[in-house]
Amino acid sequence: MKIKEEEHKIVISKLYQDMQKKVELNEEKHKELIEKKEMEISELNAKLRTQEKEKQNEIIKLQLEKLQHLQEEKNKEIAILRSNIRDLEQRLSVGKDSHLKRRRF
1 MKIKEEEHKI VISKLYQDMQ KKVELNEEKH KELIEKKEME ISELNAKLRT
51 QEKEKQNEII KLQLEKLQHL QEEKNKEIAI LRSNIRDLEQ RLSVGKDSHL
101 KRRRF
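For the sequence shown, counting from 1, position 34 maps to 34 in this note's numbering; every step adds exactly one.
For the record, the hints were derived by calculation from the structure and aren't laboratory data. Treat the numbers as computed from the prediction; the structure is a model and nothing was measured.
Using 25 Å as the maximum straight-line C-alpha spacing, the simulated BS3-like pairs for lysine-lysine come out as follows:
1) 66 <-> 53
2) 47 <-> 37
3) 22 <-> 36
4) 61 <-> 47
5) 74 <-> 61
6) 21 <-> 37
7) 22 <-> 9
8) 9 <-> 21
Make a model of the complete structure from these sequences and hints.
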């Protein structure tokens, strides 16, 4: 009877050790899997940051193009206004000259 108890204890002890090994192996696998997933997350975050920077650069580029276009339009308007001012000044000076000529006669 005592021998059977000892055998059972040995079997139970062996089973316990086997279970411990399985648990340790399982924990190690999970740890590796977690590390792998954390690495993937880190890589995806880096990729996302890169894409975000590219998107921001594209937005800035488009805004610069829009501003340049607006500046060109404003420069055209300014050129037209300057031309109108020159024309008006010339008309005014011609008008004064002819008015002065009429007075002399």
